[in-house]
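J.: Single-letter residue listing:
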Amino acid sequence: MKIAYEISHLLAGIMLVASFALLYQQRVGAVINAFAAQSITLALAVAWAAWSEHRPDLFITAAIAFGLKGVVIPLALRRTVERLGIHREVEKVVGVGVALMVGLALIGLSQALVVKVTRGTMGLGRDELALALAIVLLGFLMMIVRRNAVTQVVGFMSMENGLILAATGAQGMPLVVEVSVAFSVLISLFVFAVFVFRIRERFDTIDIEALDRMRGDRR
Amino acid sequence: MTRDLVVQFLAQGAQMFLVLLLAPLAVGVTRRVKARLTRRRGAPLIQGYLDIAKLLRKESVLAESASWLFRTAPYLIFALTRVAAALVPSFASGLMFNWAADVVALVALLGAARALLALAGMDVGTSFGGIGSSREMMIATLAEPAMMLIVLTLAIAAGTTRLPGVADYFISEPLAVRVSLALSLGALVIVALAENARIPVDNPITHLELTMVHEAMVLEYSGRHLALIEAASMLKLTLYLSLLICLFAPFGMAPASAGLVGWLVGLVAWTAKLLLGAALLGVWEVSIAKMRVFRLPDFVGVAFVFAFIAILLAYLSSGDIG
Amino acid sequence: MLALYASGAALAVLAGAAGLAILARGALRLVYPLAALAALALGAVDLHVLLTGDVLTGSLPIGLPTIGLRLRLDSLSAFFGVVINGGVLAVSVYGLGLDREKDLTPRVEPLFPLFAAAMNLVLLADDAYGFLFSWELMSLSSWALVVARHTDPESRRASHLYLVMAVIGTTALLFAFGGLAGPAGGYSFDTIRAHAAQPAIAALVLASALIGCGSKGGLIPLHAWLPLAHPAAPSHVSALMSGVMTKVAIYGFVRIAFDLLGPPAWWWALPPIVLGAITAVLGLLYAVLDRDLKRVLAYSTIENVGVIFVALGLALAFRANGFTQGAAVALTAALLHVLNHSWFKSLLFLGAGAVLHATGRRDLDGLGGLIRTMPRTAIFFLVGALAISALPPLNGFVSEWLLFQSVLAGPMLPQASLRFAVPAIGAMLALAAALAAACFVRVYGTAFLGRPRTVEAARAHDVPLAQQVAMGALALLCILGGLLGAPLASVLAPLVRTFSGGMLPASGSGPTPFSLVAFDSARSVYDAAVIALFVTIASLVTLVVVHRVSERRTRRGPAWDCGFPDPSPATQYTASSFAQPLRRVYGTVVFGARETVTMPPPGDRSAASLQVTLVDYSWRAFYAAPGAAVLRLAERLNMLQFLTIRRYLVLMFAALVILLSIAAVTT
Amino acid sequence: MIEAYQAVVLVPYGSAVLLAALPGYRVGAIANVIASAATFAAGLWLLVSPQLIGDYAIVDEFNVVFVAINTLVGFTTALFSASYIGHEIDTGRLSPAFLRFYHAMFQAMMGSMNLALIANNIGLMWVGLELATLITVVMVGLYRTPQAIEAAWKYFILASVGISLAFFGTILIYLAGQPILGEGLPSMTWSLLQAAAVRMDPAILDLAFIFLLIGYGTKVGLAPLHAWLPDAHAEGPTPISAVLSGLLLNVALYALLRFKMLVAGQPAALDPGPIMIVMGLVSLVFAAFMLYQRRDIKRFFAYSSIEHMGLMVFAFGMGGPLANFAGLLHMAMHSLTKSSIFFAVGHVAQAKGTQRFAEIRGLSVTHPRLAVAFALAVLAIAGLPPFGVFASEFLILTTTFARQPWLALLPAFGLLVGFGALLLRLQDTIFGEPVGPAHRVDASSVPMVLHLLLVLTAGLYLPPMLVGWFRRAAELLG
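For the record, the sequence lines run as chains A, B, C and D.
Every letter in the first sequence is one number past the one before it in our numbering, and letter 95, counting from 1, is 95.
Counting from 1 along the second sequence, just add 219 to a position and that's the residue number in our numbering.
Counting from 1 along the third sequence, just add 541 to a position and that's the residue number in our numbering.
Counting from 1 along the fourth sequence, just add 1208 to a position and that's the residue number in our numbering.
To be clear, the hints were calculated from the coordinates, so they are not data collected in a lab.
All values reported here derive from a predicted model rather than from experimental measurement.
Please note: incorrect hints may appear among the correct ones.
Computed footprint of chain C on chain D, listed as stretches where at least three residues anywhere in the stretch have a Cβ under 8 Å from a Cβ of chain C [what the hints assert, rightly or not]: (1) 1281 to 1289; (2) 1315 to 1324; (3) 1358 to 1369; (4) 1412 to 1423; (5) 1428 to 1435; (6) 1608 to 1621.
Where is the CB? At the ideal position from N, CA and C, for every residue including glycine.
Work the whole structure out from these sequences, hints included.
T.: If you want it as structure tokens, here you go:
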């Protein structure tokens, strides 16, 4: 059992690193790559959990994670990016350095929170929970330090990766598969929305700053 | 018993009659003193009576715009003043009518008369009537708070607001000369000057339009109406004089159950004091000049300050505070 | 019990009238007759209870769950009921004279009975919910009445301010009752009476009650809505609001401070006394400087409310020191003044309504000479004016006299602060009385006396009979109330004993049954009847004598006016010029009044002008400033409506992180 | 044999499918009404049917009332929209195809909300609530104007983040429960969790409650998570605005309260009371101030909804039988009143052809009856008698003052500020000289009047049955 734990722990760690990569990356393409990497790691983690805990249904989740978020969506996003011709750097709200600092602070926060949990009171290891929490928070951070819609979508998806990680980590939690399916639907909606708005040309750019021009009650 | 009542009634009647009778004389004395002090011979002492008689003989001219209020006001004013005068103990305290109202009510009665006079002043709709009424009412707003404080002092000292009671109290202890009472005496004098439209508040003999207060209000009156108004103002002066007397120099005043002799003594004393007061008023009036209307607050304010200090002293002399 | 049913039926009639008027325009004319009948019935019940002194209680299964709607009609509510229904009755009779085509509108008539019913319900309520429910209903219905002339932006502004202030007051009362009821939520009054509140809570409750009732009664600085709202309503409604609704506010304060809050502490007296005295003086200073007839009346309402609060405060002070007789005198003064004010203020507002109806004007400087064009109204108004100026032998003076007596007893209070407050209060009350006289001489002199200043005033005509009857009845009450002060006081004696612990000397103790005695007959007596009798005798005698001895002839001629009379009515003293001396003396201090005269140079024929500027400091401090602050803050915050989605996400993220850190640090 | 609790979920879902298949929007509208009526009947049936605590469903005093209100308002809204939405076709804002979609979605939304309400499984509750949210997102974008799309987009993003956070909270609750109740379903079953709360790890509960508060709080519309709410109300179809304010916010708050009960069960955990008090007050005061600058009538009342949700959260934060009772009462009163206000606003918008305050004047002259109804509704929400909101606000303020006098000043301040704005707008709209066009209103006024009557009745008399439920629910809330 030890080894199983070590491996899942390792994978979770890799995902966290990937989140940092997301924060760190300058170019949209690179961001997408980093996300793909994270998703694939998640797929591995889930698959490992399915194998080691004999919960075959989780393989579905793993498959979705790999297929949709590891392959399809990154490709789709790439095409979008090419279409919109945004190879330029993504303009950020704060510098990378600051973002990384905040990220570290968030990890510290999640550690501090989880440390208070008395050991062994839950099915999930404390540090694994801490990692998941950190990934979620980092995803959220990603959403708010980037101005560009694609990167924000990516941020949301990595947040959701954290969720799935936690969910699969929680041994015997029902509905995980269903929820992961639901989430993938949600994400596709996200991407789809970006597409649709682009195609319909209702918004001349997908830069969210410009996306909400009217912002209610200005009329 | 019934005889008592009859006597009492007669006494009261006599008092009312005497006050009415002596009022013009008092005014005459004041005028005479003023004349003499200004090296004039002056009118005879009975001039007040002659004036009223003359006015009664003349026909009265009403302005076209005068309403019924203008004509009825003089009678009411005269009646109110007279009733008020009847409330003030003159030669004897505790006459049968004295109990009917206390100082507060007395002031209010005079206030009613004043209000009617002011209304009458506005009735014809001339500018002078308006001047007079507005200034009269303004002066009243200055005088009444001071008056209230004086009454409060009396209430603290004598424990009553009924004039006979106060008078009896001061008779019973004639040596109750207190600083607070002296102060409230000063205050009351000032109030009396203001209420009776005497110098320096108002000049009773002027007809220079812009300085008139009382005269401006009655400008439109003539004949019998004017006579009544004049009589009323004379009464009012007498009333205030006897008020001062009964509060601050009650000696000689006959107590409630004095016989005929006591009353006669009181009568003599009162008449003397009354005329003396009138003379003093004359002296005062020649020795000071009329003030501008808007300096009056300062003048009457003095009365207010006096009265207030008087109360604080009364608290002190009445011992514990808090 | 039967009486309770009767009043219930009467209330139902009122509600029915409202319903009818809403449904059918034809039914509008039914409103006033029905309202009059209902008021008559209610008044009869109240009078019965007041005289017999028995307490009616009942409860309905509505209102708050488990508490239900408690009803209770004790002598206090009965007394105020008499006040209210008297007013309602008079106003309804006045309403009968309204012009069916022109005056009856579906914006006023349906709400009139609702308003009346709400006021009665406040008195009947015996639990906090019922009380506040009907209290707020009262405000609401009167709000709708104030905004009846809705196309006029001024009346919209007035109604807005009115309802906002009313709701502020209700909130304060909510707090008061919350404090009284306690955390357990014992909202029914008998539960509240059962346990007295702790001093700290009591202080808060008293403050809230003062704010709540003061804002309804127009206690300065909570007054600003009153002179706007009362005149804005139709005149007979103004009469109801000013003459009657303010009394409901008084009732609320009495109910809380004298009944529910338990035995008083002496310092409870200070806030009502001080605020009341300030209100009395300032209210009249506003009044004497104002030129709008109805607004002047509204301001004088403020003054009277102030006077009543002073009396209540003194009663509390005396009672707290166990000096029950003083408490009795003060409380009697307060209650009698409530009654009297309801009479002459209703009378005056109805008179103002008559003037407004006849001339279409409210500005004093546009009136004049009405004593000839509408003689009856003039007489009634004169009675009201003299009564409100507290002149004997009218009713206003009775309560004023009692109040002064209680002030004069003030020095007997042990607490230094109270003893030193008393002379100041007395002086301020005297000032208020003198100002009242000045104010109403001014009003009557400019509106009714002199020569008409406008065509409308010249063409005025007297009002229909019903309205004259209403005013006449009230005027009669003012006179009778003045003469029969002592008997009235003895009627109130049981009520006063219940709430002050003491009572006035029995009416027999005076020389005559009509003589009003405070403390004992050796201390102070006022016998209105005898005085009135003597005045009448004296004036009649004088009349006879003078007519016997004097020259009878009377000639009509042009006014003398020191030799140069001017036919133009513009040469008369106007309301503004009448106010000038008072403005110079008091206005400069209180309102920072400044006069700037611009005199054209010699030879220049252009007109000279006099500019008068007044500053309403209380408005600035308590209304303008907070209002502006709210709007400014609203503008600042409004940018939060226009953030980008990302920024909203930042807010969300911040909230999350903050909460998480809280969780992290707390152990 | 189908049970009542199944009916309230299955009937709407079933009819959603049916309506999706139905061509012709008139038929659809009628069918929608019928379906909602059936659901309402099921809701009433649930009221009288016995309590139940199953694996997936729970029926107790706490949620029957919500289901009842939910189905009732659903029904009246369907009535209203049936008479209202035709107008949208005439004005060309909607096409029949979209209307068909609209009706189907309406039923699906109702079903999801009921699902969230009766779910005894925290995962199921989450699913129902989020489903309802996503459907409303689509509904908000229905008009496909730039503004509508943007409002929907804003709603979509914020809601999705909320969804994720709420899910994380749910996972944490599971983690907290799992060691005690074992793996699988039991540790997601609310009733069991509630019972086991005492033995749970406080630290995890803290963490969970925070995530749930932020997640579900987004849907409750608590400031500063409220941003989606005003735009969504303003740009969506009026019936949807009514449902959003009247129902969805309630359901979200319901979920939040369930978890509050859970956390409160563990004394060692963070006390949710103060947090809720603070967030409630912030929302209340903030929304009150925001009312002053509003130009759009629907956005105006959306902010008033935020204000009232804030008041409820404050009341529940105070806790105790009286405050909880008042909070529940206020919840019911608010959803009835606010939906009736949105009905009225729909009428007004049809009458004047605009949603902008500046162009709405003197309604009492042009549309007297509508003006009266609108005025009554606004005065009701402003907390004036004789309406039920007065009762709840009376209880909240008095009990707060009795317990913490100074704390009571804040909600009072917020309510007063809000009242100033409400009254100002009310007077401007119904009084004065009318301006602009005055069309005939063909939407039915029955739902509006019905709601007002209910609120009026509640102000005068609360039926003992209702009081009983509320009281026991208040006890459950602790």
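J.: Each of the hints needs a verdict: does it hold here or not?
T.: Consistency of the hints with the structure:
no. : hint         : result
1   : 1281 to 1289 : violated (count 0)
2   : 1315 to 1324 : violated (count 0)
3   : 1358 to 1369 : holds (count 5)
4   : 1412 to 1423 : holds (count 6)
5   : 1428 to 1435 : holds (count 3)
6   : 1608 to 1621 : holds (count 7)
Hints 1, 2 from the earlier list are contradicted by this structure; the remaining hints agree with it.
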